[in-house]
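Just need the whole structure built from these sequences, with the hints factored in.
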Amino acid sequence: MIPSNNKSFRLAIAMLTASAAILAAVPGMVLAASPRADEDKMILVARQDPGTLDYTTSNLTALRLWIPANVVEPLVYFNKDGSVSPGVAESWTISDDRLTYVFTIRDAKFSNGEPLTVEDVVYSLNTMKESPVSQNSAAYQAVSSIEKTDDKTVTVTLSRPSQNFWSGMGSTAGLIQPEASAETIATNPIGTGPYKLVSYTSNSSFEFTVNENYWGEAPPIKDVSVRIITDGTAGLNALEAGEVDSLPVITIDLWEQLMARGLDKKFSMVTYPQIGEPTYAVINQKLDPELRKALAMTIDRQAYNDAFGASWGAENTCTFALPNQPWYSAESPESCPYPYDIEGAMALVTENDYASIPLEYASLSDVPDLSLPADIMVPTMQAAGFNLTRNAIDLARYSTLIFQGRPPQFDVTVMSGDADPTQWSCADEASAGWSTYCSAEYTQALADADEALTDEDYLALMQKAAQILRDDAVIVPIIAKKGVGLFDPDLKGFVEPRVAVALEFAPLHW
Amino acid sequence: MTVAALSTKPVRRRPRWRTNTTLTLGIALTVGFVAIALVSMLYLPHNPNVPRIQDRLLPAGSPNYLLGTDVLGRDILSQLMVGARTSLMVGAGGALISLLIGTVAGLSAAAFGRWADEGISRGADIMLSIPGMVTALVLAATIGSGALTTILALTAFFTPSFTRVIRSAALSVLQEDFITAARLYGRPTWFILVRHVLPNIAGVMIVQFTLYFAAGILTEAGLSYLGVGVNRPSISWGMMLNEAQQQVGISSPLAMWPGLAIVIVVLGLNLLGDGLRDVLDPKLARRSS
Numbered sequence: 001m002i003p004s005n006n007k008s009f010r011l012a013i014a015m016l017t018a019s020a021a022i023l024a025a026v027p028g029m030v031l032a033a034s035p036r037a038d039e040d041k042m043i044l045v046a047r048q049d050p051g052t053l054d055y056t057t058s059n060l061t062a063l064r065l066w067i068p069a070n071v072v073e074p075l076v077y078f079n080k081d082g083s084v085s086p087g088v089a090e091s092w093t094i095s096d097d098r099l100t101y102v103f104t105i106r107d108a109k110f111s112n113g114e115p116l117t118v119e120d121v122v123y124s125l126n127t128m129k130e131s132p133v134s135q136n137s138a139a140y141q142a143v144s145s146i147e148k149t150d151d152k153t154v155t156v157t158l159s160r161p162s163q164n165f166w167s168g169m170g171s172t173a174g175l176i177q178p179e180a181s182a183e184t185i186a187t188n189p190i191g192t193g194p195y196k197l198v199s200y201t202s203n204s205s206f207e208f209t210v211n212e213n214y215w216g217e218a219p220p221i222k223d224v225s226v227r228i229i230t231d232g233t234a235g236l237n238a239l240e241a242g243e244v245d246s247l248p249v250i251t252i253d254l255w256e257q258l259m260a261r262g263l264d265k266k267f268s269m270v271t272y273p274q275i276g277e278p279t280y281a282v283i284n285q286k287l288d289p290e291l292r293k294a295l296a297m298t299i300d301r302q303a304y305n306d307a308f309g310a311s312w313g314a315e316n317t318c319t320f321a322l323p324n325q326p327w328y329s330a331e332s333p334e335s336c337p338y339p340y341d342i343e344g345a346m347a348l349v350t351e352n353d354y355a356s357i358p359l360e361y362a363s364l365s366d367v368p369d370l371s372l373p374a375d376i377m378v379p380t381m382q383a384a385g386f387n388l389t390r391n392a393i394d395l396a397r398y399s400t401l402i403f404q405g406r407p408p409q410f411d412v413t414v415m416s417g418d419a420d421p422t423q424w425s426c427a428d429e430a431s432a433g434w435s436t437y438c439s440a441e442y443t444q445a446l447a448d449a450d451e452a453l454t455d456e457d458y459l460a461l462m463q464k465a466a467q468i469l470r471d472d473a474v475i476v477p478i479i480a481k482k483g484v485g486l487f488d489p490d491l492k493g494f495v496e497p498r499v500a501v502a503l504e505f506a507p508l509h510w
Numbered sequence: 001m002t003v004a005a006l007s008t009k010p011v012r013r014r015p016r017w018r019t020n021t022t023l024t025l026g027i028a029l030t031v032g033f034v035a036i037a038l039v040s041m042l043y044l045p046h047n048p049n050v051p052r053i054q055d056r057l058l059p060a061g062s063p064n065y066l067l068g069t070d071v072l073g074r075d076i077l078s079q080l081m082v083g084a085r086t087s088l089m090v091g092a093g094g095a096l097i098s099l100l101i102g103t104v105a106g107l108s109a110a111a112f113g114r115w116a117d118e119g120i121s122r123g124a125d126i127m128l129s130i131p132g133m134v135t136a137l138v139l140a141a142t143i144g145s146g147a148l149t150t151i152l153a154l155t156a157f158f159t160p161s162f163t164r165v166i167r168s169a170a171l172s173v174l175q176e177d178f179i180t181a182a183r184l185y186g187r188p189t190w191f192i193l194v195r196h197v198l199p200n201i202a203g204v205m206i207v208q209f210t211l212y213f214a215a216g217i218l219t220e221a222g223l224s225y226l227g228v229g230v231n232r233p234s235i236s237w238g239m240m241l242n243e244a245q246q247q248v249g250i251s252s253p254l255a256m257w258p259g260l261a262i263v264i265v266v267l268g269l270n271l272l273g274d275g276l277r278d279v280l281d282p283k284l285a286r287r288s289s
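First to last, the protein sequences are chains P and V.
Using the working numbering, read the first sequence as starting at 1 and increasing by one per residue.
Using the working numbering, read the second sequence as starting at 1 and increasing by one per residue.
By construction, these hints were calculated from the structure, which means they are not laboratory data.
Here the structure is a predicted model, which is why all the values come from computation and not from measurement.
Just so you know, even glycine gets a beta-carbon here, dropped at the ideal spot from N, CA and C.
Treat each hint with caution, since some may be false.
Output of the computed footprint for chain P on chain V, the stretches with three or more beta carbons under 8 Å from beta carbons of chain P [as the list claims (entries may be wrong)]:
1) 173-182
2) 209-219
Far from chain V by the CB rule (all over 12 Å, computed), these chain P residues [to be verified]:
3) Thr52
4) Asn203
5) Trp215
6) Thr233
7) Ser356
8) Pro358
9) Asp369
10) Ile376
11) Asp394
12) Thr436
13) Glu451
14) Leu453
15) Pro489
Just a sample of chain V residues kept apart from chain P, beta carbon distances all over 10 Å, derived [what the hints assert, rightly or not]:
16) Gly32
17) Leu72
18) Leu148
19) Val248
Shown next as structure tokens:
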């Protein structure tokens, strides 16, 4: 029974209620400082397990986020402002004809204490040249020789100028590893970076600590733990509960939730393009070009953007690129040859009797951010009059039908992935990738761009290639998603990735 | 009133099924579920697959949307109605096919001698040792996911259980004196099974059917939740749960509605099964009288 006449009891209840109201009304007030701050530690969250740490044979983002730049360094770093900083190479010279690159290797040691040698650099570059990962090997298409000049320098000779080669030296294609440790690269990659890998437990965590042999300034945070939490909501919960200090990569399906929970106010939110992805429709090239264009006209980009409820993190685009790539352009009448026009599409369907052509839309049933666009796209295409059926399949079956099937069994699908434009180039039709796309004109435009001697020429030629891709309506970009991350407000110093998508630990500090 | 008058007036008792509250509630819920599934074939408030982005994530009670909308502005009520149809088709289909195959196999095991019994029973043991979910995943990976695959998976999962139950019930009936009399009278085995055994195990079959119907709905929801069951344009409550999972932090009722539908329907079928067992089991009937 409540002692209603007890004055001190009522006062205590009133104070308790007032305190609760104040705490509830002030977001972030209850957020305590991370207990890791005083211990020079931080805990980050990864959504995916890479399975292997061998960056020479795998290009999984789950691997490229953590190992490059932190453990294994490239020859050079390309900064956001366009400048180039030394990495494993202390200095370099490029001949005027851009056919000869001479790299001077710094005096440094790998994290295992072994000295960095020119032989290691030659071995690393040759390994990447033979890499099964096209993004790595593509940088070496023009390379004719990689030779040791003396104990400090390596000379790379090209048969023709190549923009891809130079940019690759600051990306995963230019990562340097010790030849003696090549056999353990899948579980324990070694490099000259500011951190070394202490342990990697599959589907559990990565543990890093500072590399005492690092040639540069020691990073302020000594130990870094990366926990693998595949459930996005569980990751957000862990951050809110103070169990971890950052979710550096938050996928689009969680953006609306993080805003609804006010996490963008409680934590420091960063957006950066490097880890972003374009979402694009793929229309089978075997279909008539006019039919492809009519299908492209049913794609309502704004509807896709609105469906995710977080338009601040994604931009409508008709260009296969991310905003940090200079040939990127947002959706506009100039950059969209087939803008959303449902009436126009319906007229084309009637005029050309496209309703008599059965089409199949292959959609992934177990990947939420790809099934959502399909939920919009299929009814819209059906409403336009196309005779379209949806084949919803799981990832394993999708992989068999789409990625490995030759020819792939689909007419329309939707995909999210790397913004590398070279993945759509093909030397001959038989070698066309899963998209079936093979355009001699597009492939030539990319090759011409690669040979450009100036940045201006390179940009102009890449824009030309992007226009060919747009006009063909096989790869039809929809939105460009940014990378989004949340950090503890006391964890400062985030810098945008410089080596592909790698998140650098060294600049971060409490 | 005299004693004689009392003894001549017949005692009128209400039928047992009418006094069984469990059965009545089970029938009410199941009939409601079937009615909604049937109505969905004739009428839906909205097309459940057409997105209306401007109406996304509306709460329950919004104009035109009784239970609100999902992340693409699709009507939740319409999706639940179509989901009821899918559950009815897949759950009842899987249970019915399993019942038919299990009945034939169970009766054969009970009536056609040791070798038939050993063969069928060990076959059922082997099938029971394979987890149903694994069967479903393998089927989805090989022939593709969908309602038909789910029915096939349920059939593979349920048939051994039906076989065992039917065999056990049939063996019990086959030991009765009237069966011996029928044999002595020269009736063939198939005639005895159809004429004498089946009617006597019908109660068991009906009860088992309702329970496996409920299990089928749960399994289908689980498979669709994992993305290997029913997919759009078909709609399932499990698939709705899967889609709602992404929005739980934004709009909790999205996951609540299909979850509630599954709970109510499975509860209804289980109550129906329990009630039917009470009414149809002769031993229970004797005890209650």
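Hint check:
| no. | hint | verdict |
| --- | --- | --- |
| 1 | 173-182 | violated (count 0) |
| 2 | 209-219 | violated (count 0) |
| 3 | Thr52 | holds, 24 Å |
| 4 | Asn203 | holds, 18 Å |
| 5 | Trp215 | holds, 44 Å |
| 6 | Thr233 | violated, 6 Å |
| 7 | Ser356 | holds, 21 Å |
| 8 | Pro358 | holds, 16 Å |
| 9 | Asp369 | violated, 9 Å |
| 10 | Ile376 | violated, 5 Å |
| 11 | Asp394 | violated, 6 Å |
| 12 | Thr436 | holds, 21 Å |
| 13 | Glu451 | holds, 45 Å |
| 14 | Leu453 | holds, 47 Å |
| 15 | Pro489 | holds, 21 Å |
| 16 | Gly32 | holds, 29 Å |
| 17 | Leu72 | violated, 6 Å |
| 18 | Leu148 | holds, 13 Å |
| 19 | Val248 | violated, 7 Å |
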